[in-house]
Amino acid sequence: MEEFFQHLINGISIGSIYGLVAIGYTMVYGILNLINFAHGDIFMIGAFSGYFIARGLGADQAPSLFLALVVLILSMVVCGALGFTIERFAYRPLRAMPRLNLLITAIGVSLFLENGGQLFFGADPKFFPELIERQIYFQIGDIAISNYQVIVVGLSMTLMFLLQYIVFHTKTGKAMQAVSFSHETASLMGIDTNRIISFTFILGSMLAAAGGILVGLSYPRIDPLMGLLFGLKAFVAAVIGGIGSIPGAIAGAMLMGLSEEMVVGYFSSTYRDALAFFLLILVLLIKPTGIFGKKTAEKV
Amino acid sequence: MVKKEIYLFGTVIAILMFSQWIISKTLNPYLFMILMYCGINIILGVSLNIINGLTGQFSIGHAGFMAIGGYVSAAFSFYFFAPWISAMGLPFWLQTVGAHFFFLISLFLGGLTAAGFGYVVGLPSLHLRGDYLGIVTLGFGEIIRVLILNLDVIGGARGFTGIPSWSNFFWVYFFVVCVVLLSFRLVRSYHGRALLAIRENEIAAEAMGINITAYKVKAFMLSSFFAGIAGGLFAHYIGYLNPSSFTFIKSFEAIVIVVLGGMGSISGAVLAALITTILPEALRPLQEVTRLDFRMVIYPLLLLTLMLTRPQGILGTKEIGDVLPFLKRKSR
Amino acid sequence: MTSSLLEVKGLTMRFQGLVAVSNFNLTLTKNELVGIIGPNGAGKTTVFNMLTGMYRPSEGVILLQDTPLNDLKPHHITTLGIARTFQNIRLFQNLSVLDNVRIGHHIHLNYGIVAATFESFYAKTSEQRMTEDALQLLKIFNLDGQAELLAKHLPYGAQRRLEILRALATHPKILLLDEPAAGLNHTETEALMETIHHIRKEFDLTILLIEHDMKLVMGICERLLVLDHGETIATGTPKEIQSNPVCIKAYLGEA
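Protein chains in written order, with the numbering used here: chain A, 1 to 300; chain B, 1001 to 1332; chain C, 2001 to 2255.
For reference, chain A alone in the conformation it holds in the complex (with noise of 0.2 Å):
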């Protein structure tokens, strides 16, 4: 039973990180109805720039919340202009074409920060610094919570319910709205489609150098394609949930990070990476839309 809880306690832990990556997934296919398979390697991009910005500023010497911080707003920042820069110089100028080629474009540019990654920082995995001290917070019987476990979890839900926020309560969150519902007439009501879909890349890109940095703290070791398998993952996670809800990719997130604890855990870890493969043909056979996918069917 204990063992349950422990696995119980990491499964969420990894889910919500999951998460934070799967609604930057959701949310381009949403807007521009794109598999952004760069996505991954922006989430790859955020857990480096965390990596160098820490040892510039020598946060991996003297761990404090405050440096922590500020590594991971840096990082944010960084990611952000980065989706920002593939959306408008890569994505923009192929939007009117069909949706093949821009998602051969998406490959492309996940292939070139993969390939340039390698390059630039090396084949070889790197260790991410300790940014905070690592100490247990609770410890019931044989379950242990770490304090990153519990920052995880806070800093995800934080973001989500911010995200949240801007998405239903804000004027570019109901353009945002609008915008994925329909270009056209978004566009005929005076939004500036194009800064919506920038701000939405945007938003996504920080949300997965969150998660990129996350992950750097959570299983130090950090390498130039760990986005590659982790990104297609949580877009996996987003479809379970249905895509373009991003509540939708919250759940689909909590249930992969689950249940690919509670896989390996009980079962064997050489089948954790098909697993979250199974459970989207489980899910799609019996709901073709995601769990929280809305049902469209074409008018004759």
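Don't read these hints as lab results, they were simulated from the structure.
Just so it is clear, CB atoms sit at the ideal spot from N, CA and C, and this is done for glycine as well.
It is possible that part of the hints are untrue.
[Said to hold, decoys possible] Using 25 Å as the maximum straight-line C-alpha spacing, the simulated SDA-like pairs for lysine to any residue come out as follows: (1) A:Lys-294 to B:Thr-1213; (2) A:Lys-287 to B:Val-1217; (3) B:Lys-1003 to C:Glu-2127; (4) B:Lys-1003 to C:Arg-2129; (5) C:Lys-2173 to C:Thr-2187; (6) B:Lys-1003 to C:Phe-2118; (7) C:Lys-2201 to C:His-2229; (8) A:Lys-294 to A:Thr-170; (9) C:Lys-2215 to C:Cys-2247; (10) B:Lys-1003 to B:Ala-1014; (11) B:Lys-1250 to A:Thr-170; (12) C:Lys-2249 to C:Asp-2213; (13) C:Lys-2030 to C:Arg-2014; (14) C:Lys-2152 to B:Phe-1184; (15) B:Lys-1250 to A:Gln-118; (16) C:Lys-2009 to C:Pro-2039; (17) B:Lys-1003 to C:Glu-2190; (18) C:Lys-2124 to B:Tyr-1132; (19) C:Lys-2073 to B:Leu-1128; (20) C:Lys-2249 to C:Ala-2234; (21) C:Lys-2152 to A:His-183; (22) B:Lys-1318 to A:Pro-93; (23) B:Lys-1004 to C:Ile-2113.
[What the hints assert, rightly or not] DEER-style ranges, computed between Cβ atoms: (24) C:Lys-2073 to A:Met-157: 42 to 50 Å; (25) B:Met-1033 to A:Met-157: 21 to 29 Å; (26) C:Lys-2201 to B:Gly-1010: 38 to 46 Å; (27) A:Leu-285 to C:Asn-2023: 54 to 62 Å; (28) B:Leu-1123 to A:Asp-124: 24 to 32 Å; (29) B:Gly-1116 to C:Glu-2190: 56 to 64 Å; (30) B:Arg-1129 to C:Lys-2201: 20 to 28 Å; (31) A:Arg-134 to B:Gly-1156: 30 to 38 Å.
Starting from the known structure of chain A, fit chains B and C onto it as the hints suggest.
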């Protein structure tokens, strides 16, 4: 008609055999390797074009089918055919003939198994639209890879070693000719037009009496069959298989070939397969100048540039004969 | 056994709570030309969608020469002899005009994939015969000169006509035309009326059409059904309908 077909195939086989002889005498191993990869990638691209380009379905699981074909054919060759041949104590020339014969059989077994999986994957998932189908096929490819990783009979994570090196120029390009010819003939038949109709408008296609599910599954199986063949050719060429060769990156490569060539353009896929295979190799000298391996950065940049400047792909929906009329055959 | 070709009884379609069509009855005898009219959203296209298997009716029976069609898939119904056009044009836009019509012939070809791969004699001759047939069809609407053009490059009126040709290529017993005159100008509509008459005679067709253009409907239909809010509010000859107060009210609203 039949006579004409026999002549055609006879000529193709004669040319391939002759080239095989020339190439084995002249080409250095490095260039030979590029040539083999070109052929294998053409098969991959042209076969994926059947499902993505002609039928308009979105599959990102091609690497999975390639892996199935590769591993199944390699397993048959390694566990059955190669031991049989050596156990029979045949004279050398008969051993060679036997190897070719059994190679063909294991390729077919691999291809058919891949097609079978194509059926199993295709039937339930083809009612999913667009990206959902894409992501399910991608998931399928990853599941296959993880399963292989856990199967010790075929090497698991260590990789499958000791596959007989039966692949050669002749067989690779024989199947290149097969898949290209089949694609062209398909498009000229009502079966191929049914696929195009599905791509253009599913509802109208159905109203024309086209059984869209059946055709999608057929296209999926055909495409998987050749992906499986490509896997078998690949396995018997390098003599070693590792699950990491079949990640979704490999599926992306196949998609890139299809889109780069122009969706639905068969000759475009051939051309794009050549470009994507040769380009990274052609950039290799650059590495010596810069000391850093910039190739893998330049390759995606070129891809991006091409997408931005020529979004319809190299040939668009056209075939090479439409662009260079002198290549076109007189009849339609 | 009966002289009726199509027999529709008590056809009803419900989308969740919404009743789109209720208790729709129709009997078509061979060679008839019947029109369905009614305001927007009256459920006319829904009737077509049920007849062609695109929607499964919630209630009712559809019998084509005593074969029930209720549970059949659209492609199966086409093979039994019902073809249709669409309100919003659904051509195969990136294919040639000729190929659009050739795809219409799909159900009349039967050589296998192997025969296609090796271009057997049978495959080749069936393709040739079919292509000739397709070109013949294109002549009806004077589209034979544009056979190689992509469908999307045709002018709007020609696209509408091509869609009719594509449906004709399936050699249907019953042709369903969904607003064939929508978006056409006066002269084009006149020409269309003539052609509809012509193809009915030439192909021995039974035609059911949905139309908004009253002139066309009154001009060519022998019998009319008026739908409003899913209910059939009147049936009869064009003359009877014209003077029916219920229909006038449905169309013009309360005075």
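(request) Hint by hint, work out which the structure violates, then give me just those numbers in ascending order. (result) Failing hints, ascending: 5, 7, 11, 13, 17, 18, 25, 26, 27, 28 and 30.
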